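> Using the sequences and the hints given, assemble the complete structure.
If you count the sequence shown from 1, you need to add 17 to reach my numbering.
The hints are simulated quantities; they were obtained by calculation from the structure and are not laboratory data.
These numbers come from a predicted model, not from an experiment.
Misleading hints may appear alongside valid ones.
Quick list of simulated restraints, FRET-style, between CB atoms [as the list claims (entries may be wrong)]:
1) Val167 with Val277: 29 to 39 Å
2) Ala220 with Gln76: 47 to 57 Å
3) Lys72 with Glu260: 26 to 36 Å
4) Lys129 with Glu65: 51 to 61 Å
5) Cys267 with Arg163: 31 to 41 Å
6) Arg163 with Arg245: 36 to 46 Å
7) Glu260 with Glu191: 39 to 49 Å
List time: in silico PhoX-like cross-link candidates among lysine-lysine, alpha-carbon distance up to 25 Å [said to hold, decoys possible]:
8) Lys279 with Lys208
9) Lys132 with Lys195
10) Lys234 with Lys132
11) Lys208 with Lys149
12) Lys123 with Lys227
13) Lys234 with Lys268
14) Lys129 with Lys149
15) Lys129 with Lys195
16) Lys208 with Lys227
17) Lys208 with Lys234
18) Lys132 with Lys149
19) Lys123 with Lys149
20) Lys268 with Lys227
21) Lys268 with Lys279
22) Lys234 with Lys279
23) Lys234 with Lys195
24) Lys195 with Lys123
25) Lys123 with Lys208
Cβ atoms here follow ideal geometry from the backbone N, Cα and C, with glycine treated the same way.
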Amino acid sequence: MNLRQALTSARETLATGNIEDPALESEILLRHVLAIDRAGLYSDLDRELNQRHEKNLSQILERRRRGEPSAYITGHREFYGLDFTVNHDVLIPRPETELLVDLTIKLARDHKITKIADVGTGCGAIAVSLAKELPLATVYATDISREALVIARQNCVRHGVSDRLVLLRGDLLEPLGKTVDMIAANLPYVKESDLPANGHEPAVALDGGKDGLDQIKRLCRQVGRKLRRDGYLLLEIGQGQAEMVVDILCKAFPAPAIEVHKDLAGIERVVSLRLT
18 MNLRQALTSA
28 RETLATGNIE
38 DPALESEILL
48 RHVLAIDRAG
58 LYSDLDRELN
68 QRHEKNLSQI
78 LERRRRGEPS
88 AYITGHREFY
98 GLDFTVNHDV
108 LIPRPETELL
118 VDLTIKLARD
128 HKITKIADVG
138 TGCGAIAVSL
148 AKELPLATVY
158 ATDISREALV
168 IARQNCVRHG
178 VSDRLVLLRG
188 DLLEPLGKTV
198 DMIAANLPYV
208 KESDLPANGH
218 EPAVALDGGK
228 DGLDQIKRLC
238 RQVGRKLRRD
248 GYLLLEIGQG
258 QAEMVVDILC
268 KAFPAPAIEV
278 HKDLAGIERV
288 VSLRLT
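Spelled out as structure tokens, the structure:
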């Protein structure tokens, strides 16, 4: 079997599992098996696969067909122009979360902010991206999962930001020993009733309780002790949650300045607050 035939066969296999965009996924998985880039794949489509490659490809195509995310199979996911190591201990970074990073960077630059906390860092995608884009800032990244922090540390080292990114283990803001200028958080916001029955991603990174907002409510109870008086809080939220989150913030903080930001799909995705 040559590469051209392998791509065709892979697309057909993934299509039987109703995988979205099987052409792209088959390319990603074949490149992973061969350890080559896109140019290397398409420069020699007549190249023959050896038996080991055919066997490996068959195995990972079956894993993908059964629903395992390709990021877990390859061990990588791109986010904010950077390549991140991921595994089953961490949530896979989503493109829509880049809006949270964009807004945090803009506010930090506009207001010369130098101390930022990323709550529930997971693989460290948000924290590392902020540290790369804001060379004068110190980023504190917290997570309750020891396993997640192992992956986050690998990504800190990989992208050369270990000197400005402090990893802290604990519940939300509890391990943070000082006040910060800004808090950015992509906390679990999926309703219990919407959690996948046989999900591959860690439930602790998805489960937001009955209304999806349990962790956001808990964070708000901690913010007053950890955020400076004129500081900023940015929260990623799920579709249809903006009104409820704004109500939570208005009840938790006196006279807050609140904005709701839409992502590229027009979905209200981030709520920002400035303490006044």
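> Indicate, hint by hint, whether the structure satisfies it.
Right, here's what the structure says about each hint:
| no. | hint | in the structure |
| --- | --- | --- |
| 1 | Val167 with Val277: 29 to 39 Å | holds (35 Å) |
| 2 | Ala220 with Gln76: 47 to 57 Å | violated (26 Å) |
| 3 | Lys72 with Glu260: 26 to 36 Å | violated (52 Å) |
| 4 | Lys129 with Glu65: 51 to 61 Å | holds (58 Å) |
| 5 | Cys267 with Arg163: 31 to 41 Å | holds (36 Å) |
| 6 | Arg163 with Arg245: 36 to 46 Å | violated (29 Å) |
| 7 | Glu260 with Glu191: 39 to 49 Å | violated (28 Å) |
| 8 | Lys279 with Lys208 | holds (21 Å) |
| 9 | Lys132 with Lys195 | holds (10 Å) |
| 10 | Lys234 with Lys132 | holds (23 Å) |
| 11 | Lys208 with Lys149 | violated (33 Å) |
| 12 | Lys123 with Lys227 | violated (33 Å) |
| 13 | Lys234 with Lys268 | holds (11 Å) |
| 14 | Lys129 with Lys149 | holds (16 Å) |
| 15 | Lys129 with Lys195 | holds (18 Å) |
| 16 | Lys208 with Lys227 | holds (5 Å) |
| 17 | Lys208 with Lys234 | holds (14 Å) |
| 18 | Lys132 with Lys149 | holds (14 Å) |
| 19 | Lys123 with Lys149 | holds (14 Å) |
| 20 | Lys268 with Lys227 | holds (20 Å) |
| 21 | Lys268 with Lys279 | holds (23 Å) |
| 22 | Lys234 with Lys279 | holds (21 Å) |
| 23 | Lys234 with Lys195 | holds (21 Å) |
| 24 | Lys195 with Lys123 | holds (23 Å) |
| 25 | Lys123 with Lys208 | violated (30 Å) |
Consistency with the previously given hints fails for numbers 2, 3, 6, 7, 11, 12 and 25, ordered from lowest to highest.
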